[in-house]
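Could you build the full structure based on these sequences and the hints that come with them?
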Amino acid sequence: METLILTLDRAGLPQAWVGIDEAITYHAKRLVAWSAGNHVCEYRGGIQRDGRRSRIETQSILALRGDGHASRLFARAPAVSNELLFARDRHLCAYCGAGFGRRDLSCDHVLPVSKGGRHVWTNIVTACRGCNSQKADRTPEQARMPLLYVPYTPNRHEHFILRNRHILADQMAFLMSGVPRTSRLRV
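Residue 107 in our numbering is what sits at position 52 of the sequence shown, and the numbering runs on without skipping anything.
It should be emphasised that the hints constitute simulated quantities derived from the structure, not laboratory data. Using N, Cα and C, we set each Cβ at its ideal position, and we do this for glycine too. Treat the hints with caution; some may be incorrect.
Stated by the list, open to error - Label pairs and their computed distance ranges (CB to CB): (1) D225 with P201: 34 to 44 Å; (2) R158 with Y207: 19 to 29 Å; (3) L203 with G100: 21 to 31 Å; (4) D159 with I111: 21 to 31 Å; (5) P167 with S109: 55 to 65 Å; (6) V205 with K84: 39 to 49 Å; (7) I111 with R65: 39 to 49 Å.
Claimed, not checked - Straight line, CA to CA, 16 Å or less: simulated EDC-like cross-link-like pairs of lysine to aspartate or glutamate: (8) K170 with E138; (9) K170 with D192; (10) K84 with E57.
Here it is as structure tokens:
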């Protein structure tokens, strides 16, 4: 698995995970406003006019220059996907509490879509196939299947943790600093 670099806007808000080649390109184009974290790699280029070999080092966290436009784009909630949902809920069924592999999980609408429920973070939970089938097209109350946890919308820092399974320790420390104390990611 390739090491990914966490890019931020100048204010320190997460923007994207990028590969090392792209991070080196940001350095070469002088787009890095500041960097943090541990040294990840060094790129050695060609020989310069003065006879020295060019080299660029990159850290695991880079803040990029820019107008902050991207931050406004990320202000809205992250798009819902099964992968992120299952990661948010730690692969635990919201009804029976058991852990399952991805293949045995499904997305359940707390308030079914047929009853006016929407496909948004606060109305979906991870459910095992058995519980989802048993709950069917009913609310948890109607099915007498109480929720074991409350669904929530992940913030930007949580979203970046959920998107990458191979986060370096310094990147995780940075991202966890923006995760609410009440988040299930802190458990």
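Would you mind confirming whether the straight-line C-alpha gap from K170 to D192 stays at or under 16 Å? Between K170 and D192 the Cα gap is close to 8 Å, so the pair holds against 16 Å.
Holds or violated: 21 to 31 Å for the Cβ distance of L203 and G100? violated (55 Å)
With 39 to 49 Å as the target window, see if I111 and R65 comply at their CB atoms. Given a distance of about 20 Å, which is not inside 39 to 49 Å, the answer is violated.
Does the beta carbon distance between R158 and Y207 stay inside 19 to 29 Å, or does it fall outside? Given a distance of about 25 Å, which is inside 19 to 29 Å, the answer is holds.
Check the following: the C-beta atoms of D159 and I111 are separated by a distance inside 21 to 31 Å. violated (46 Å)
Would you check the hint for K84 and E57, treating anything up to 16 Å between C-alpha atoms as holding? Measuring from Cα to Cα gives roughly 22 Å; hence the hint is violated.
Range hint 39 to 49 Å (beta carbons of V205 and K84) holds or violated: holds (44 Å)
Check whether the Cα positions of K170 and E138 lie no farther apart than 16 Å. Roughly 25 Å separates the two Cα atoms, so the pair is violated.
Satisfaction of the hinted span 55 to 65 Å by the C-beta atoms belonging to P167 and S109: Check passed, 60 Å falls within 55 to 65 Å.
Kindly confirm whether 34 to 44 Å is satisfied by the beta carbon distance between D225 and P201. This hint holds: roughly 40 Å between Cβ atoms.
Hint check: violations occur at hints 3, 4, 7, 8 and 10; the rest are consistent with the structure.
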